[in-house]
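Take a look at the letters that make up each chain.
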Amino acid sequence: MQIDFKHHQSAHCENGVTSNLLKYYGIDASEPLIFGMGAGIFFTYLPFVKVNHAPGSSFRPMPGLVFKRAASNLGLGIYRKKYRNPKKAMRDLDEVLEKGMPVGIQVGVFHLTYFPDPYRFHFNAHNLVVFGKEGDNYLISDPVMETTTTLTTKEMQRVRFAKGIFAPKGQMYYPKDIPESINYELAIKKGIKKACADMLGIPIPLMGVKGIKWLAGDVRKWPKKHGEKKAALYLGAVVRMQEEIGTGGAGFRFMYAAFLQEAAEITGKSELKDLSEQMTACGDRWRDFAINSARIYKSRDKSGESYEMSADILLDIADMEKKVFTGLKKVY
Amino acid sequence: MKKDEIPQDDANLLEGKTRDLCYAVDKDGNYTTGLSTGWDPKNAALQHALDFFDERAQEVKEKVLKGKLSPLAYFMEARFMDANLLADYMEISKRDVKRHMTPKYFKDLTDDVLKEYAEILRIDLKDLKDFPTS
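Chains A and B, in that order, give the protein sequences. Numbered according to my numbering, the first sequence spans residues 746 to 1077. Numbered according to my numbering, the second sequence spans residues 17 to 150.
None of these hints come from the bench; they were simulated from the model. Be aware that a few hints might be false.
What the hints assert, rightly or not - Simulated pairs of lysine-lysine, DSSO-like, Cα-Cα distance not exceeding 27 Å: (1) A:K832 - B:K110; (2) B:K145 - A:K1018; (3) B:K131 - A:K899; (4) B:K19 - A:K768; (5) B:K114 - A:K1068; (6) B:K18 - A:K1043; (7) B:K79 - A:K974; (8) A:K914 - B:K131; (9) A:K899 - B:K43; (10) A:K914 - B:K114; (11) A:K832 - B:K131; (12) A:K1043 - B:K131; (13) A:K751 - B:K33; (14) B:K43 - A:K1014; (15) B:K18 - A:K878; (16) A:K938 - A:K768; (17) A:K899 - B:K145; (18) A:K1018 - B:K18; (19) B:K43 - A:K1068; (20) A:K1067 - B:K145; (21) B:K114 - A:K795.
To be verified - Here's a subset of chain A near chain B, in silico, CB distances under 10 Å, partners left out: (22) H757; (23) D773; (24) E776; (25) P863; (26) P888; (27) T892; (28) G909; (29) Y919; (30) K921; (31) V984; (32) G993; (33) A995; (34) F1004; (35) G1028; (36) N1037.
From the three backbone atoms N, C-alpha and C, an ideal C-beta is built for every residue, glycine too.
Sequences and hints are given; from them, build the entire structure.
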């Protein structure tokens, strides 16, 4: 059986699943709009959490939060369930599909057969939509893929019960209690206020704009403290978080700029359009950071100058983003 | 980023299976999307990381070839795993996994157990059984 579900490719999996599921229920919200209403923009630097031998950094909040915030700001309910028993998880999935409902699930990418091999790390916070089953094959709309694909029952169970950090535990979810009318202006306002609070107001120096500054300080120390080889790996890890599958470029900064532009049209607040342009400039600066950092891990520049320059660019970005979010705070 | 600047530096890291959706502005300053096959600074970051991990795996491989560790130890490293994660997947204790990393315990493992390991590590049974040792 197959549900009449439209696949739209998106930059990021969670926004994409949310946007595609809501479209199915008649709520036509683009990926940037979901991302903005769900306050998806963020920065955090986690030097004590090692991911693949390098300090962790992230340009977005915890997995699941964008969907949760977007749904809550739009006034929708969410059905969400985790499982211990894989058999029960598979049975429940089949039951939901039988009812003709597309459903979002969280999976690990390490065993995701259709994914490009070089990207198959132990990353467990990937999201996709299941929209039917034909024989032993589940029909999959993975928002980061250009086209729909399939997974066998065995493959499906394996990715739903991937192990490690953020283990999906068979999690599945779908929107419920869809309201008659949607107040986009209110959802935009709530999303922007939350983003400002996250980027400017968390009293931990590793989060938001302050996290970017902290990272800049550490980047300067890396080559002396850890040696060339590790320092290059660390810098590369930040660039990967910034650019790899799912950010839409420059660590979601362009996507957020697209949101602000759309928000300006919906709300009629022209200040948002100016702030969108400033956000684009932040994104361009993140790209400069990547280009400069690439010099280090590509040619192994040993002078240490490139580290200084990458750190300087980060400080620059911190100032620019502080300005944007302070500006946004004034609008709301 | 301008739409016509969306990078197309294909290093075959996406293996032609998909392209990345990027957000960029058109000539009138409006946001739009376009597909990218890759971007050099990003490709290089991934390649650098893959090389770094491969170097570590090769060091373990040397130890396997010298008979100090079992082939499982090599494939665990090559698949970015550690004993904790592998034990989680196998639903056995970490201590058992660590034992299986030694040639002494490894040689007594049944085909069924090896098959399970192989499936989790995305390799064939023969990769584990016919690993060249000196």
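Status of each hint after checking the structure:
Among the hinted pairs, K832 of chain A with K110 of chain B is consistent with the structure: their alpha-carbon atoms are about 25 Å apart, no more than 27 Å. Straight-line distance between C-alpha atoms of K145 of chain B and K1018 of chain A comes to about 62 Å, which puts the hinted pair past the 27 Å bound. Our distance criterion of 27 Å between C-alpha atoms is met by K131 of chain B and K899 of chain A, whose separation comes to about 15 Å. Under the criterion of a C-alpha separation no larger than 27 Å, the hint pairing K19 of chain B with K768 of chain A is consistent with the structure, at around 26 Å.
Pair hint K114 of chain B plus K1068 of chain A does not hold up; C-alpha atoms about 52 Å apart against a cutoff of 27 Å. At roughly 25 Å between alpha-carbon atoms, K18 of chain B and K1043 of chain A fall within 27 Å of each other, so this suggested pair holds. A distance of roughly 22 Å separates the Cα atoms of K79 of chain B and K974 of chain A; the hinted pair therefore holds under the 27 Å criterion. Straight-line distance between C-alpha atoms of K914 of chain A and K131 of chain B comes to about 24 Å, which keeps the hinted pair within the 27 Å bound.
For the proposed pair K899 of chain A and K43 of chain B, the alpha carbon gap of about 48 Å is over 27 Å, so the pair is violated. With a C-alpha separation of about 25 Å, the suggested pairing of K914 of chain A with K114 of chain B holds against the 27 Å cut-off. Taking the CA atoms of K832 of chain A and K131 of chain B, the gap is near 21 Å; set against the 27 Å cutoff, the hint holds. Note on K1043 of chain A and K131 of chain B: the hinted pairing is violated, with a Cα-Cα distance of about 39 Å set against a maximum of 27 Å.
Our distance criterion of 27 Å between C-alpha atoms is met by K751 of chain A and K33 of chain B, whose separation comes to about 20 Å. Among the hinted pairs, K43 of chain B with K1014 of chain A is consistent with the structure: their alpha-carbon atoms are about 22 Å apart, no more than 27 Å. Straight-line distance between C-alpha atoms of K18 of chain B and K878 of chain A comes to about 41 Å, which puts the hinted pair past the 27 Å bound. Distance check on the hinted pair: K938 of chain A and K768 of chain A sit about 25 Å apart at the alpha-carbon level, within 27 Å; holds.
Taking the CA atoms of K899 of chain A and K145 of chain B, the gap is near 24 Å; set against the 27 Å cutoff, the hint holds. Under the criterion of a C-alpha separation no larger than 27 Å, the hint pairing K1018 of chain A with K18 of chain B is consistent with the structure, at around 17 Å. Our distance criterion of 27 Å between C-alpha atoms is met by K43 of chain B and K1068 of chain A, whose separation comes to about 26 Å. Note on K1067 of chain A and K145 of chain B: the hinted pairing is violated, with a Cα-Cα distance of about 57 Å set against a maximum of 27 Å.
Of the supplied pair hints, the one linking K114 of chain B and K795 of chain A holds, its CA atoms being roughly 22 Å apart against a limit of 27 Å. Among the interface hints, the one on H757 of chain A holds; its C-beta lies about 9 Å from the nearest C-beta in chain B, closer than the 10 Å criterion. Restraint check, D773 of chain A versus chain B: the minimum CB separation of about 16 Å is more than 10 Å; hint violated. For E776 of chain A, the interface hint holds, since its Cβ comes within 10 Å of a Cβ in chain B; the closest pair sits about 8 Å apart.
Proximity of P863 of chain A to chain B holds as hinted, the smallest CB-CB distance being about 5 Å (cut-off 10 Å). Against a cut-off of 10 Å between C-beta atoms, the interface hint on P888 of chain A holds, since the closest Cβ of chain B lies about 9 Å away. Annotation: interface hint on T892 of chain A holds; nearest CB of chain B at approximately 8 Å, less than 10 Å. This hint holds: G909 of chain A has a C-beta 5 Å from the nearest C-beta of chain B, less than the 10 Å allowed.
Evaluation of the Y919 of chain A hint against chain B yields a violated restraint, the C-beta minimum of about 23 Å exceeding 10 Å. Given hint, K921 of chain A at the interface with chain B, is violated; its Cβ is 28 Å from that chain's nearest Cβ, farther than 10 Å. With its C-beta approaching chain B no nearer than about 4 Å, V984 of chain A sits inside the 10 Å limit, and its interface hint holds. About 5 Å separates the beta-carbon of G993 of chain A from the nearest beta-carbon of chain B, less than 10 Å, and the hint is met.
The criterion of a C-beta within 10 Å of any C-beta in chain B is met by A995 of chain A, whose closest approach is roughly 7 Å, and the hint holds. At its closest, the beta carbon of F1004 of chain A sits 9 Å from a beta carbon of chain B; the interface hint therefore holds under the 10 Å criterion. Interface hint at G1028 of chain A: satisfied, since its Cβ lies 7 Å from the closest Cβ of chain B, which is below the 10 Å cut-off. Because the closest C-beta pair between N1037 of chain A and chain B is about 9 Å apart, less than 10 Å, the hint holds.
When each numbered hint is compared with the structure, violations occur for hints 2, 5, 9, 12, 15, 20, 23, 29, 30.
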